[in-house]
Each structure stands twice: as C-alpha cells, then as structure tokens.
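Letter by letter, the chains look like this.
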Amino acid sequence: MANSIVALRAYGDGLHLIIRPHLSIAEVEAAIQQEISRMNRSLAGTSVQIDLKSPTLKEEEIELLSSKLQETYDLTVRGVEVADEPIAPPIAAAPTTHIISQTTDTRPSRDSELSRIVPNTIRSGQTEEFPQGSLIIYGDVNSGGEVKAGGDIVVLGTLRGSAYAGMNGRLSAVIIAMDFAPLKLQIGNYVNRSSVNQQPRGYPEIARIGAEDVIIVEKFVKF
Amino acid sequence: MGKVIVVTSGKGGVGKTTSTANLGTALALLGKTVVVVDADVGLRNLDIVMGLESRIVYTSMDVIEKQCELSKALVRDRRVDGLMLLAASQKNNKDDIQPEQMKAICDKLRTAHDFVLVDSPAGIERGFSNASAGADEAIVVTTPDVSAIRDADRIIGLLQNARIEPINLVLNRFSPELVGNGSMMDQADVLDILNINLIGVVPEDSGVITSTNRGIPLVYEDGSPGAQAYMRIARRLTGQRIPIHDFEQKGLFSNILNWFTRKR
Chain Z
1 MANSIVALRA
11 YGDGLHLIIR
21 PHLSIAEVEA
31 AIQQEISRMN
41 RSLAGTSVQI
51 DLKSPTLKEE
61 EIELLSSKLQ
71 ETYDLTVRGV
81 EVADEPIAPP
91 IAAAPTTHII
101 SQTTDTRPSR
111 DSELSRIVPN
121 TIRSGQTEEF
131 PQGSLIIYGD
141 VNSGGEVKAG
151 GDIVVLGTLR
161 GSAYAGMNGR
171 LSAVIIAMDF
181 APLKLQIGNY
191 VNRSSVNQQP
201 RGYPEIARIG
211 AEDVIIVEKF
221 VKF
Chain G
1 MGKVIVVTSG
11 KGGVGKTTST
21 ANLGTALALL
31 GKTVVVVDAD
41 VGLRNLDIVM
51 GLESRIVYTS
61 MDVIEKQCEL
71 SKALVRDRRV
81 DGLMLLAASQ
91 KNNKDDIQPE
101 QMKAICDKLR
111 TAHDFVLVDS
121 PAGIERGFSN
131 ASAGADEAIV
141 VTTPDVSAIR
151 DADRIIGLLQ
161 NARIEPINLV
171 LNRFSPELVG
181 NGSMMDQADV
191 LDILNINLIG
201 VVPEDSGVIT
211 STNRGIPLVY
221 EDGSPGAQAY
231 MRIARRLTGQ
241 RIPIHDFEQK
251 GLFSNILNWF
261 TRKR
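So the sequence lines, in the order shown, correspond to chains Z and G. Sequential numbering of the first sequence, starting at 1, is according to this note's numbering. Sequential numbering of the second sequence, starting at 1, is according to this note's numbering.
These are computed hints drawn from the structure, not numbers from a lab. What you are looking at is a predicted structure, and each value in this text was computed from that prediction instead of being measured. A virtual CB, placed ideally from N, CA and C, is assigned to each residue, including glycine. Incorrect hints may appear among the rest.
[Claimed, not checked] Computed, partial: chain Z to chain G, Cβ under 8 Å:
#, residue
1, Arg116
2, Pro119
3, Thr121
4, Ser124
5, Gly125
6, Gln126
7, Asn142
8, Ser143
9, Gly144
[Claimed, not checked] Using C-beta positions, here's what the derived DEER-type ranges look like:
#, chain 1, residue 1, chain 2, residue 2, range
10, G, Ser54, Z, Gln34, 56 to 66 Å
11, Z, Gln132, G, Glu221, 51 to 61 Å
12, G, Glu125, Z, Gly14, 51 to 61 Å
[Claimed, not checked] Coverage of chain G stretches by chain Z, computed from C-beta distances (three or more under 8 Å per stretch; other residues unrestricted):
#, segment
13, 153-159
14, 191-203
Working from the sequences, and respecting the hints, build out all of it.
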C-alpha cells in the first residue's frame, strides 16, 4: 500500500497500470516512477493496459503519458480503459474542495492561548480533551480515537480518528496533521466526515473553515 | 519467580487460544515450566486445542470456591515435561470471578513456574479485566485486517492504562501472497498503526485447523511454517534475539511479474 495513486498489477491478459483519482499529471508521473522503481526487474519491452479509475486525465494527457512510458521505461501502452462512473476525488472531507495552495489568512492572535502536549499516540477508544486551549499530539490519533480542543489541534503523526477543534465555538481554530486521514473533522459547529478509504497524501495538511463556510483541507504551508 | 503474560486481542477469532496453546507448548519444549490458564469462563476452548478436555477434573472456579487446592486443578500435559493447564469453568460466567481472585491465582502460579500464559476471552469487559488482572506482560494477537487492528489498538490502550508492559504483538494469519498482490496490509502498515514491538509473524497455515481438531498443538510438528513461527516467538519470549522472519520475500506478485517479463 505504498503507492495510493498508481499500482502495477498482473492480470490474465498481462500487466495493468491502475491510476486512481489524483490531483495533477505531475503527481501521476511521480507515482509511476516510484511504482516502477520499486520493481527489482526491468519492465522493458512489456506492454501495459492503463486502467483509469476516474476520468481525470484529458486525452492529450494520456497520450503524453503513453509516450513518456515508451521513452522512459520502454513500456508499450496497449490500451486505455476509463471507469464510467466518476469517483469522488480523494479529499479529506467529502463535501469540500481540495486546494493545493493556501490562499487566505484568517489567523487570529494565538498569543495568550494555553496548549497541552500529549507525548503519546491516542488509540482507539481513547479521548484527549483540552477545552482551555490547543492540543499537540506527539504521535498518531488512531481510528476510533478522539481529540478535542478549545483551540487548535496539531498531530505530529497520522490523524486517523476524529478531531474537534474550537470546541467552545471558536471558528478560527485549525486542525493540522503530518498525515491526514481522519474519520471525522469538526471545527466549532461545522462537521465533516471523511471520504471512503482516505489515504494520507504524504505531506502535512491543514483543515480550517474556508470562505464558503465549509471545512476545507489543504496542503499545510507555514502560517 | 515466573512471568505472567496475558494473551489478548479484543476481536474474537484472530488466534488467541491457538497462540496460547502453541506458545505454551513451545516454551515447555524449550525446557521451561509453563501453566496455560483459560480465562474464558463459560466459553472455554483452550482445553480442546491442547487436547486435554477429557482430563479436566477441577477448574479455576473450584479453586476460587475453595473446593480444591490450586495444584490439584492443574492438568499435566503428558506429551512434554513442565506443561500444565488450568481450565475455566464452563457452567459459570465471567461475572462469577473477580479480577482480584484471578490475580491471586496468577501470583500463586508464578512462584512455581517460569511462564504463566493467560488466554483472554474476546472483548473489553469483565473477561478481559479478569484475564489481565495478574499479568506483568501482554501479547496482543492480531490479523492484518482493519477490524482486528482497530480492536487491537483499543486493547493496547487499555493495557497501557493498566500499566502492563511490555506489550508484544503477534501478527497472525499473515499471507505473503495477499500482501504481494496488494490486498492485505503488510507488516509495516500494521506496525505503523499499532506502534508496539512485533514479537513474531505467524503465516496462514491450514495445519492449524487439523491440529485444533486433533488437540495436538502445531509446534509438535516441526515442519510447518506456523510451528516454526511459534517456536521462534517462544525463543524470543525466553530472551533470545532472533530476527523477524521476512515472509514477504517470495511474494506471488513478484513471481507473476517475473514470469511476465521473462516471457516477452
């Protein structure tokens, strides 16, 4: 499960290159390179079938990809199959949009805020609650675990459980995690559940209430 | 003074009882004195897996009710020296025993034996608190699927709250083929979530079913991969340092891929 965007599979009719929902063609190329470099055997001279799990790549992009596969890896593309039904893009929270660059800065003063450091992983069934301020978790929040804070929540590991920031109603609170795959996000009175089978994207992400009054999840760039 | 180790998992059917029987037997084969304790009151199984069900006269309930001495209730396994079973009562239920009573039994057993392995029932209720009451250490058994892992995570949290340490993980029913084709979590994924020490990986082994039905723990037959895995875990429990066996090396996926690339 190292590579969530691209997978090479061998089926009865030969090799298949499976491309799951993604953000950009650059991301796909990087994932292909990673997947192929994982193989300890050269694939030169083989042919692959491309299985697109969602119609996110344009036709010219597919062509470009095919020629790149041929050039770089000597892989012939023998066909392309696109899944009919568009699958929801892999965003942390289903009804929101995934934005790569951070646009607005709604940061309030956090000067006088208390914070509590939790030096361990929050496991399934455990709850860490700190209404007086922010929580910093030196570990993961596992599926079934819960963190709640009056201020922000920072997870220096993987967020797989649920996180509730701004539990006293502060809408400027944010949730930051090094790897983001939450079951449920809540900021103030805004709730978001995750999309099915959310996989961490490999970079830190931040959830906050965006301009359109929904929780948005985006790549974390320094404040 | 021996160690009391609780074997637990949260979820049912992941191999707690099989692991207890095999590790107990393996430790005895290594020359240790071992008592395996069935803490699954009302739903006992360990006696069957050990093949000792016909020899039980007294149970831990009789000991608690002072119907017999603890030493009388221990069933000696005749196939190997130093292995005993303390069975659970089948007619009572888990609420009939208090955690303190289980702890008293474990404390008494540890004075005379090297290892006391307590087979915990599934769940996080009274049965679990009874089983873990007297434990110094824990072995958490899980299979590489998400529901078992979430339950294991919950159990690890409860064990940590109870200050039971170390907590070692046995990854059971591991299938290199399924990992190879991407449909099963690999060792690294499991450890990333659970974040505890891995003491062994037991591969999926159909021999487990026959050995359970015959009442002969797998470790009596050296050949099977499952038996070897349990022997390695037992050695690690006695303090030997043995690297974790890498079952993933011969994944089916790479074999198929090799076959394809060779052909064209």
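Cross-check of the supplied hints:
{"no.": "1", "hint": "Arg116", "verdict": "violated, 18 Å"}
{"no.": "2", "hint": "Pro119", "verdict": "violated, 13 Å"}
{"no.": "3", "hint": "Thr121", "verdict": "holds, 6 Å"}
{"no.": "4", "hint": "Ser124", "verdict": "holds, 4 Å"}
{"no.": "5", "hint": "Gly125", "verdict": "holds, 4 Å"}
{"no.": "6", "hint": "Gln126", "verdict": "holds, 5 Å"}
{"no.": "7", "hint": "Asn142", "verdict": "holds, 5 Å"}
{"no.": "8", "hint": "Ser143", "verdict": "holds, 5 Å"}
{"no.": "9", "hint": "Gly144", "verdict": "holds, 5 Å"}
{"no.": "10", "hint": "Ser54/G <-> Gln34/Z: 56 to 66 Å", "verdict": "holds, 58 Å"}
{"no.": "11", "hint": "Gln132/Z <-> Glu221/G: 51 to 61 Å", "verdict": "holds, 60 Å"}
{"no.": "12", "hint": "Glu125/G <-> Gly14/Z: 51 to 61 Å", "verdict": "holds, 52 Å"}
{"no.": "13", "hint": "153-159", "verdict": "holds (count 5)"}
{"no.": "14", "hint": "191-203", "verdict": "holds (count 3)"}
Of the numbered hints given earlier, the model fails hints 1 and 2; all others are met.
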